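J.: Protein chains in written order, with the working numbering: chain P, 1 to 198; chain G, 1001 to 1198.
Keep in mind that a hint or two might mislead.
[Said to hold, decoys possible] As a list, the in silico DSS-like pairs of lysine-lysine whose alpha-carbon atoms are at most 25 Å apart:
#, chain 1, residue 1, chain 2, residue 2
1, P, LYS16, P, LYS45
2, P, LYS161, P, LYS135
3, P, LYS166, P, LYS135
4, P, LYS89, G, LYS1023
5, P, LYS45, G, LYS1045
6, P, LYS45, P, LYS89
7, P, LYS23, G, LYS1161
8, G, LYS1016, P, LYS89
9, G, LYS1135, G, LYS1161
10, P, LYS190, P, LYS161
11, G, LYS1016, P, LYS23
12, G, LYS1135, G, LYS1166
13, G, LYS1045, P, LYS16
14, G, LYS1016, P, LYS16
15, P, LYS166, P, LYS190
16, P, LYS16, G, LYS1023
17, G, LYS1023, P, LYS45
18, P, LYS23, G, LYS1023
19, G, LYS1016, G, LYS1045
20, P, LYS89, P, LYS16
21, G, LYS1016, P, LYS45
[To be verified] So the derived list for chain P, only partly shown, Cβ under 10 Å to chain G, looks like this:
#, residue
22, LYS23
23, LYS45
24, SER46
25, ALA50
[Claimed, not checked] Reference excerpt, derived from the structure (chain G facing chain P, CB under 7 Å, subset only):
#, residue
26, LEU1002
27, MET1009
28, SER1013
29, LEU1028
30, PHE1030
31, VAL1032
32, ASP1039
33, THR1064
34, LYS1089
Worth flagging that the hints you see were computed from the coordinates, not collected in a lab. As the structure is a computational prediction, the values presented were derived from the model and not from experiment. Quick reminder that beta carbons are idealized off the backbone N, C-alpha and C, glycines included.
There are 2 protein chains.
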Amino acid sequence: MLYPRPLAMLIDSFMKLPGIGEKTATRLAFYVVEMQDEDVNQFAKSLLSAKRDLTFCAICGDLTEESPCSICTDSSREQTTILVVEEAKDIVAMENMREYHGLYHVLHGTISPMDGTGPEDINATSLIQRLQNSKIEEVIIGTNATVEGEATAMFLARLIKPSGIKVTRLAHGLSVGSNLEYADEITLLKAVEGRREI
Amino acid sequence: MLYPRPLAMLIDSFMKLPGIGEKTATRLAFYVVEMQDEDVNQFAKSLLSAKRDLTFCAICGDLTEESPCSICTDSSREQTTILVVEEAKDIVAMENMREYHGLYHVLHGTISPMDGTGPEDINATSLIQRLQNSKIEEVIIGTNATVEGEATAMFLARLIKPSGIKVTRLAHGLSVGSNLEYADEITLLKAVEGRREI
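Could you build the full structure based on these sequences and the hints that come with them?
T.: This is the structure in structure tokens:
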């Protein structure tokens, strides 16, 4: 049996989202039919607005309503440090910590030969341009602790170091609150390697 | 840190959907920003259309673009049997089985004293009206195999039986506690074949 066309279209749209299969999409579509009118209107408006009103900051690559973004134009932030992340959402995690007050740079990806993405597929050229004639003293690389994240970190370090700017990497180790017995071996290895005197 | 307003609004909208918490909503919202324009436009259109262009069939209560629905107006279907289900999506599961050719009636709920829903909260009065002066010979009750579904089945059976119409219940080939919409087609077929008079 075919669903009524408007419902079938909505199921299709939901299925375009990551991690949502046919059953979940169907459940969500039926739910939408019974939602308040205003909530559905708001949902549709938000979708269009997120696509239309958001852009990437011309300087750092963060998602923003206005380019340059509020972080790049905030002169009270330390202008000597750049933290390099893979995706715009990583900035939110970092800002929620409230302890980093420098600048950011979003790569929008990683170097991954397996997926066929190379140095030219990440936002690295603009990072190098930013570093020239700047007050930047340290580049902190905050790519994920994955094979791709590590490869990208190594690539950037080699690219930046000749300019004399300090390049650091976020520490890897045990998550706070986690149990040692459940940690994977690579994490444990990183934790031992990165141990500090107390 | 606050998300840019259009993103925050979209996260809020996703969080209104069942089973989607803040983390998932955030992931989906970021994904939308990077989706194709046309896919996002289609998504927004589908949401509005699902809400605006779908209605409930005045006869059986199924979700439809036009009332009466295509099943109620299909004279090739057996006009002597009505299958009563809890929700419109249950009809789709039943139709996918392709072995039932009668009519349907959607209750839009169940009797559940725990949730404070009684006989007046389900679409039962219109079912009784349908049965009067009709050719209906059998009412198959396909409410879910849950406490509420069973209570609703019992209530309907008591209501209909005095009229002399045969009342049957889908067999418990359906696993107890499961929802009809998620049952596989063979299980549904067994359930129809094994239905018993109550």
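J.: A separate judgement is required for each hint: does it hold in the structure or not?
T.: So, going through the hints one by one against the coordinates:
1. Restraint check for LYS16 of chain P and LYS45 of chain P: satisfied, since their Cα atoms lie roughly 18 Å apart, inside the 25 Å limit.
2. The straight-line distance between the Cα atoms of LYS161 of chain P and LYS135 of chain P is roughly 15 Å, inside the 25 Å bound, and the hint therefore holds.
3. For the proposed pair LYS166 of chain P and LYS135 of chain P, the alpha carbon gap of about 12 Å is at most 25 Å, so the pair holds.
4. Under the criterion of a C-alpha separation no larger than 25 Å, the hint pairing LYS89 of chain P with LYS1023 of chain G is consistent with the structure, at around 11 Å.
5. With a C-alpha separation of about 10 Å, the suggested pair LYS45 of chain P and LYS1045 of chain G falls inside the 25 Å cut-off, and the hint holds.
6. At roughly 22 Å between alpha-carbon atoms, LYS45 of chain P and LYS89 of chain P fall within 25 Å of each other, so this suggested pair holds.
7. At roughly 36 Å between alpha-carbon atoms, LYS23 of chain P and LYS1161 of chain G are farther apart than 25 Å, so this suggested pair is violated.
8. At roughly 21 Å between alpha-carbon atoms, LYS1016 of chain G and LYS89 of chain P fall within 25 Å of each other, so this suggested pair holds.
9. Proximity of LYS1135 of chain G to LYS1161 of chain G is assessed by CA-CA distance (about 15 Å); at most 25 Å being required, the pair is judged to hold.
10. The suggested pairing of LYS190 of chain P with LYS161 of chain P holds, with an alpha-carbon distance near 23 Å, which does not exceed 25 Å.
11. Proximity of LYS1016 of chain G to LYS23 of chain P is assessed by CA-CA distance (about 18 Å); at most 25 Å being required, the pair is judged to hold.
12. Of the supplied pair hints, the one linking LYS1135 of chain G and LYS1166 of chain G holds, its CA atoms being roughly 12 Å apart against a limit of 25 Å.
13. Between the alpha carbons of LYS1045 of chain G and LYS16 of chain P the distance comes to roughly 14 Å, so the proposed pair stays at or under 25 Å and holds.
14. Straight-line distance between C-alpha atoms of LYS1016 of chain G and LYS16 of chain P comes to about 19 Å, which keeps the hinted pair within the 25 Å bound.
15. Restraint check for LYS166 of chain P and LYS190 of chain P: the C-alpha separation of about 21 Å stays at or below 25 Å, so the hint holds.
16. Proximity of LYS16 of chain P to LYS1023 of chain G is assessed by CA-CA distance (about 18 Å); at most 25 Å being required, the pair is judged to hold.
17. As the CA atoms of LYS1023 of chain G and LYS45 of chain P are separated by approximately 21 Å, the hinted pair is consistent with the 25 Å bound.
18. Taken as a hint, the LYS23 of chain P and LYS1023 of chain G pair is honoured in the structure, with Cα atoms around 21 Å apart against an allowance of 25 Å.
19. With a C-alpha separation of about 18 Å, the suggested pair LYS1016 of chain G and LYS1045 of chain G falls inside the 25 Å cut-off, and the hint holds.
20. Among the hinted pairs, LYS89 of chain P with LYS16 of chain P is consistent with the structure: their alpha-carbon atoms are about 20 Å apart, no more than 25 Å.
21. Simply put, LYS1016 of chain G and LYS45 of chain P have alpha-carbon atoms about 14 Å apart, close enough for the 25 Å limit, and the pair holds.
22. The beta carbon of LYS23 of chain P comes within 7 Å of a beta carbon in chain G, closer than 10 Å, and the hint placing it at the interface holds.
23. For LYS45 of chain P, the shortest C-beta to C-beta distance to chain G is roughly 8 Å, which falls under 10 Å, so the interface hint holds.
24. Hint on SER46 of chain P holds. Least Cβ distance to chain G is approximately 4 Å, under the 10 Å limit.
25. Satisfaction of the interface hint for ALA50 of chain P is found here, the shortest Cβ-Cβ separation to chain G being roughly 4 Å, below the 10 Å cut-off.
26. Using the Cβ-Cβ criterion of 7 Å, the hint placing LEU1002 of chain G at the interface with chain P is not satisfied: the shortest such distance is roughly 9 Å.
27. About 4 Å separates the beta-carbon of MET1009 of chain G from the nearest beta-carbon of chain P, less than 7 Å, and the hint is met.
28. Hint status for SER1013 of chain G relative to chain P: holds, with the closest Cβ pair at about 4 Å, below 7 Å.
29. Because the closest C-beta pair between LEU1028 of chain G and chain P is about 5 Å apart, less than 7 Å, the hint holds.
30. Of the supplied interface hints, the one on PHE1030 of chain G holds, with its beta-carbon coming within about 5 Å of a beta-carbon of chain P, less than 7 Å.
31. Hint on VAL1032 of chain G holds. Least Cβ distance to chain P is approximately 5 Å, under the 7 Å limit.
32. Because the beta carbon of ASP1039 of chain G sits about 6 Å from the nearest beta carbon in chain P, less than 7 Å, this interface hint is met.
33. For THR1064 of chain G, the interface hint holds, since its Cβ comes within 7 Å of a Cβ in chain P; the closest pair sits about 6 Å apart.
34. Taking 7 Å as the C-beta contact cut-off toward chain P, the hint placing LYS1089 of chain G at the interface holds, the least distance being around 5 Å.
Comparing the model with each earlier hint shows violations of hints 7 and 26; every other hint is respected.
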